[in-house]
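**Q** Residue numbers (the working numbering), protein chains in the order written: chain A, 1 to 432; chain B, 433 to 864.
Think of the hints as simulated: they come from the structure by calculation, not from any bench. A quick note: this is a predicted structure, and the numbers were derived from the prediction, not measured. Hints may be right or wrong, so weigh each one.
[As the list claims (entries may be wrong)] Computed cross-link-like contacts, DSS-like style, restricted to lysine-lysine with a CA-CA straight-line distance of at most 30 Å:
no. : chain 1 : residue 1 : chain 2 : residue 2
1   : A       : Lys2      : B       : Lys564
2   : A       : Lys314    : B       : Lys454
3   : A       : Lys314    : A       : Lys296
4   : B       : Lys746    : A       : Lys314
5   : A       : Lys132    : B       : Lys611
6   : A       : Lys345    : B       : Lys564
7   : B       : Lys494    : A       : Lys28
8   : A       : Lys2      : B       : Lys821
9   : B       : Lys434    : A       : Lys179
10  : B       : Lys795    : A       : Lys223
11  : B       : Lys564    : A       : Lys363
12  : A       : Lys337    : B       : Lys829
13  : A       : Lys62     : B       : Lys611
14  : B       : Lys746    : B       : Lys447
15  : B       : Lys494    : A       : Lys15
16  : B       : Lys611    : A       : Lys2
17  : B       : Lys746    : A       : Lys28
18  : A       : Lys28     : B       : Lys564
19  : B       : Lys795    : A       : Lys2
20  : A       : Lys314    : B       : Lys434
21  : B       : Lys460    : A       : Lys415
22  : A       : Lys7      : B       : Lys447
There are 2 protein chains.
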Amino acid sequence: MKLSRIKGTRDYEPKDMILREKTVSTIKSVYEKRGFVPLETPAIEKWETLAGKAGGGAEIEKQTYNFLDFGGRRIGLRYELTVGMVRYLSMNSNISMPFKRYQYGRVWRYEEYKQGRYREFFQFDIDIIGSKSMLADAEVISTAVEALDAIQIGLFTVALNNRKLVEGVLNYLSIKSKKQLEGAMRTIDKIAKLSRTEIYKEFRQYDIEKVQADEILNAITRKGKLKGELKKIRAAQKKKDFPSNKKIEDGLLELESLAGYLESFGVLNACEFDASIVRGLAYYTGIVFETIVTKKKSIGSVCSGGRYDDSIGKITGIDTPAVGISIGIERILDILKETTDSDIKIDYFVAVVSTEFQNEAIKIARGLRNRGFSCEMDLMGRNFSNQMKYANKCGAKNLVIVGPKDFAEGNVTLKDMQTGKETKVLIADIIA
Amino acid sequence: MKLSRIKGTRDYEPKDMILREKTVSTIKSVYEKRGFVPLETPAIEKWETLAGKAGGGAEIEKQTYNFLDFGGRRIGLRYELTVGMVRYLSMNSNISMPFKRYQYGRVWRYEEYKQGRYREFFQFDIDIIGSKSMLADAEVISTAVEALDAIQIGLFTVALNNRKLVEGVLNYLSIKSKKQLEGAMRTIDKIAKLSRTEIYKEFRQYDIEKVQADEILNAITRKGKLKGELKKIRAAQKKKDFPSNKKIEDGLLELESLAGYLESFGVLNACEFDASIVRGLAYYTGIVFETIVTKKKSIGSVCSGGRYDDSIGKITGIDTPAVGISIGIERILDILKETTDSDIKIDYFVAVVSTEFQNEAIKIARGLRNRGFSCEMDLMGRNFSNQMKYANKCGAKNLVIVGPKDFAEGNVTLKDMQTGKETKVLIADIIA
Numbered sequence: 001m002k003l004s005r006i007k008g009t010r011d012y013e014p015k016d017m018i019l020r021e022k023t024v025s026t027i028k029s030v031y032e033k034r035g036f037v038p039l040e041t042p043a044i045e046k047w048e049t050l051a052g053k054a055g056g057g058a059e060i061e062k063q064t065y066n067f068l069d070f071g072g073r074r075i076g077l078r079y080e081l082t083v084g085m086v087r088y089l090s091m092n093s094n095i096s097m098p099f100k101r102y103q104y105g106r107v108w109r110y111e112e113y114k115q116g117r118y119r120e121f122f123q124f125d126i127d128i129i130g131s132k133s134m135l136a137d138a139e140v141i142s143t144a145v146e147a148l149d150a151i152q153i154g155l156f157t158v159a160l161n162n163r164k165l166v167e168g169v170l171n172y173l174s175i176k177s178k179k180q181l182e183g184a185m186r187t188i189d190k191i192a193k194l195s196r197t198e199i200y201k202e203f204r205q206y207d208i209e210k211v212q213a214d215e216i217l218n219a220i221t222r223k224g225k226l227k228g229e230l231k232k233i234r235a236a237q238k239k240k241d242f243p244s245n246k247k248i249e250d251g252l253l254e255l256e257s258l259a260g261y262l263e264s265f266g267v268l269n270a271c272e273f274d275a276s277i278v279r280g281l282a283y284y285t286g287i288v289f290e291t292i293v294t295k296k297k298s299i300g301s302v303c304s305g306g307r308y309d310d311s312i313g314k315i316t317g318i319d320t321p322a323v324g325i326s327i328g329i330e331r332i333l334d335i336l337k338e339t340t341d342s343d344i345k346i347d348y349f350v351a352v353v354s355t356e357f358q359n360e361a362i363k364i365a366r367g368l369r370n371r372g373f374s375c376e377m378d379l380m381g382r383n384f385s386n387q388m389k390y391a392n393k394c395g396a397k398n399l400v401i402v403g404p405k406d407f408a409e410g411n412v413t414l415k416d417m418q419t420g421k422e423t424k425v426l427i428a429d430i431i432a
Numbered sequence: 433m434k435l436s437r438i439k440g441t442r443d444y445e446p447k448d449m450i451l452r453e454k455t456v457s458t459i460k461s462v463y464e465k466r467g468f469v470p471l472e473t474p475a476i477e478k479w480e481t482l483a484g485k486a487g488g489g490a491e492i493e494k495q496t497y498n499f500l501d502f503g504g505r506r507i508g509l510r511y512e513l514t515v516g517m518v519r520y521l522s523m524n525s526n527i528s529m530p531f532k533r534y535q536y537g538r539v540w541r542y543e544e545y546k547q548g549r550y551r552e553f554f555q556f557d558i559d560i561i562g563s564k565s566m567l568a569d570a571e572v573i574s575t576a577v578e579a580l581d582a583i584q585i586g587l588f589t590v591a592l593n594n595r596k597l598v599e600g601v602l603n604y605l606s607i608k609s610k611k612q613l614e615g616a617m618r619t620i621d622k623i624a625k626l627s628r629t630e631i632y633k634e635f636r637q638y639d640i641e642k643v644q645a646d647e648i649l650n651a652i653t654r655k656g657k658l659k660g661e662l663k664k665i666r667a668a669q670k671k672k673d674f675p676s677n678k679k680i681e682d683g684l685l686e687l688e689s690l691a692g693y694l695e696s697f698g699v700l701n702a703c704e705f706d707a708s709i710v711r712g713l714a715y716y717t718g719i720v721f722e723t724i725v726t727k728k729k730s731i732g733s734v735c736s737g738g739r740y741d742d743s744i745g746k747i748t749g750i751d752t753p754a755v756g757i758s759i760g761i762e763r764i765l766d767i768l769k770e771t772t773d774s775d776i777k778i779d780y781f782v783a784v785v786s787t788e789f790q791n792e793a794i795k796i797a798r799g800l801r802n803r804g805f806s807c808e809m810d811l812m813g814r815n816f817s818n819q820m821k822y823a824n825k826c827g828a829k830n831l832v833i834v835g836p837k838d839f840a841e842g843n844v845t846l847k848d849m850q851t852g853k854e855t856k857v858l859i860a861d862i863i864a
């Protein structure tokens, strides 16, 4: 009988798992150094939690695996990590703020099955809950930069913007209803993928005319060094080439404050301003950002997020500002796989010329492992040449050979598998 | 609105997660040093995989969360990790043997909700697939011993036995049908919890008479040092005080071979023979064992397993011997929680006397983090006394205070939070 996996799920093979575990553990170390603490929430949640205001709305509801449990209650598999954190916050109102948490875990979404699109995958989030200050935005962004540097992903750019700035421009153009604003944001979010005609058509759906669309496009094409672009906008405002109103002013002040903090954190050069970044989702309220790896732009953003000051309060009833990022661990691993040697390796393989030396081999393996080396040996009673084949599959860097002549002299032969060089070593020196 | 968790699930709070992550990562290091490689399989599997012969039988089927997916196919949440590994093996017949894998992951079972009984929990398994040799049994047992030592659980005993020995004794007493044998094993497994009368009654269900039951009880009460007990059985056989047949002989030879290997691995003293250990499950075929932590016997076995040579072949069609252990990570964490200081700690907290020093504080935090220290600071624009309260909640070991007088002299004040001792440090020395 041949069993099979559910479509859209996958096995993570040992070779891939080793790279994954190393990468996740490096990122966690950075998060902990920066004062983020781990939280784990259940993979299954009540349907009212998943489908409620805490959730991502009707679109995500359709993709959420849900079913009646044995007691007849509707439950579901989490489709993201934030919803569990918000449920946790609603049950623990005594948590001291700011709450800086990280979480790595599996989520499930029933999406159309395509190459590279999975129904079960991992998310890796950090959030700072409870602070309105741009200090918190600077902290999550600089933490993400430090994490990406730590895993040696190569050069990258954090492109950032403020939804308030875009909303201010839209308001200035008399686009004010919630429906129009959300529609405009969604359109701006996918502008790079659309032709000019398609863009007009999209905007038209939300009653945004061509003349307004042109003004929007004009405002959101600004892109470049963060501090420089902000100065250009200020200069343009003076010449009446860029609109001014309360929202725009709030947005610019926040960006200027953020730029100062990012400079102190030493990550300003990794960041750029991009007025077209808005993130599609309705719940962002302020700073938003995406991260593009220079050598792999086609893969899309590997680390995105922003400020969402309204979402948590809607659930908990307590005004709770928040800013968070989600590291796209699957995309990051795809990039790292191409550049990292993640072959399975082991320091030593202990081989016996005949099985009478089996117990000696165990003692030698034990001696090497006790000194912290990874070490393997035959567990099948195989002959010497089959042991050699297995040693190669294990990626053994060194071979210890236990044979009768050496053994009589109290020795084993140590072979460096790369150079082929052989040396005699006293058994007593290894086992000691 | 107050949201709530599904009964039988839980949130893993930061303090508990820190201990969990540290423990899991220590155990993984031991596994990798011993040549085990990580494998991750999906949390959701097809119902035919979960319910089939690969699975745990009707009893577990009843406890498995299952439902129709959006395409109308029945799928379910895994109730253990082995079933996914067996499905993986059936899809990858080219894997070189022995396959030594470890896996840490979530599983789900709909069991009656009781204190300390969860419907979602973690399992942590190692298995060696493909070797019939007692070397493999010795390798998993000694690996478990090394892992438990590495996490400093304290003294413990691995109690072990061989199902072949028990089956041999039962056969000798004319208990031979599959139903009788499985019933007898299940009864022996729970003998410690039953009164003598209840034991007879249990055996009676499987047509095992009082006189047979007495003989069984007599044989399975042997317990003590592994090598010593094996010698006693050999001596008893000579005096016809212990039965002999092919199965008993096979079982004893395996145990004697295992004892020799365990001695070479240096873990013989941590092991004892206990003829009453059989493990309830039908699929074990040879060596079985449980592990009891000396200072916490009441919690039950923290690490159990055994040899299951028949299960995988039934699915894959290829004869595949296997031996594995499952570390009871939840029980282990319960024990460690009582003895380990797992309070959240951070090396430094940078406090500012007034917000004008905010950017200086960021630079100092950055300097400390760059040197590998964990470091926190205020992200809320709070006054000094509220920063102190937060620093305490973060478990700061040291405080760096940035104030006007020090700053004018190019200094900050460093305060050791345990001794209260204060020293001046040059800012240039930290930021450099």
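**Q** Confirm or reject each hint.
**A** Hints, one by one, checked against the model:
For the hint linking Lys2 (chain A) to Lys564 (chain B), the alpha-carbon distance of about 24 Å falls within 30 Å, and the restraint holds. Only pairs whose Cα atoms come within 30 Å are accepted, and Lys314 (chain A) paired with Lys454 (chain B) is rejected, the gap being roughly 35 Å. Simply put, Lys314 (chain A) and Lys296 (chain A) have alpha-carbon atoms about 38 Å apart, too far for the 30 Å limit, and the pair is violated. Under the criterion of a C-alpha separation no larger than 30 Å, the hint pairing Lys746 (chain B) with Lys314 (chain A) is inconsistent with the structure, at around 54 Å.
Proximity of Lys132 (chain A) to Lys611 (chain B) is assessed by CA-CA distance (about 67 Å); at most 30 Å being required, the pair is judged violated. In summary, the hint linking Lys345 (chain A) to Lys564 (chain B) is supported, as the alpha carbons are separated by about 25 Å, within the 30 Å threshold. For the hint pairing Lys494 (chain B) with Lys28 (chain A), the CA-to-CA distance comes to about 38 Å; that exceeds 30 Å, so the pair is violated. A C-alpha spacing of about 60 Å is found between Lys2 (chain A) and Lys821 (chain B), which places the hinted pair above 30 Å, so the restraint is violated.
With a C-alpha separation of about 28 Å, the suggested pair Lys434 (chain B) and Lys179 (chain A) falls inside the 30 Å cut-off, and the hint holds. Our distance criterion of 30 Å between C-alpha atoms is met by Lys795 (chain B) and Lys223 (chain A), whose separation comes to about 27 Å. Of the supplied pair hints, the one linking Lys564 (chain B) and Lys363 (chain A) holds, its CA atoms being roughly 21 Å apart against a limit of 30 Å. About 39 Å separates the Cα atoms of Lys337 (chain A) and Lys829 (chain B), which puts this hinted pair outside 30 Å; it is violated.
A hinted pair counts as satisfied when its Cα atoms are at most 30 Å apart, and Lys62 (chain A) with Lys611 (chain B) does not qualify at roughly 47 Å. Annotation: proposed proximity of Lys746 (chain B) to Lys447 (chain B) is violated, straight-line Cα distance about 44 Å (limit 30 Å). A distance of roughly 35 Å separates the Cα atoms of Lys494 (chain B) and Lys15 (chain A); the hinted pair therefore is violated under the 30 Å criterion. A C-alpha spacing of about 28 Å is found between Lys611 (chain B) and Lys2 (chain A), which places the hinted pair at or below 30 Å, so the restraint holds.
With a CA separation close to 41 Å, the supplied pair Lys746 (chain B) and Lys28 (chain A) exceeds the 30 Å bound. For the given pair, Lys28 (chain A) sits about 40 Å from Lys564 (chain B) by alpha-carbon distance, which is inconsistent with the 30 Å threshold. For the given pair, Lys795 (chain B) sits about 59 Å from Lys2 (chain A) by alpha-carbon distance, which is inconsistent with the 30 Å threshold. Among the hinted pairs, Lys314 (chain A) with Lys434 (chain B) is consistent with the structure: their alpha-carbon atoms are about 11 Å apart, no more than 30 Å.
For the suggested pair Lys460 (chain B) and Lys415 (chain A), the alpha carbons sit about 28 Å apart, so the restraint of at most 30 Å is met. Taken as a hint, the Lys7 (chain A) and Lys447 (chain B) pair is broken in the structure, with Cα atoms around 37 Å apart against an allowance of 30 Å.
The earlier numbered hints that this structure contradicts are 2, 3, 4, 5, 7, 8, 12, 13, 14, 15, 17, 18, 19, 22.
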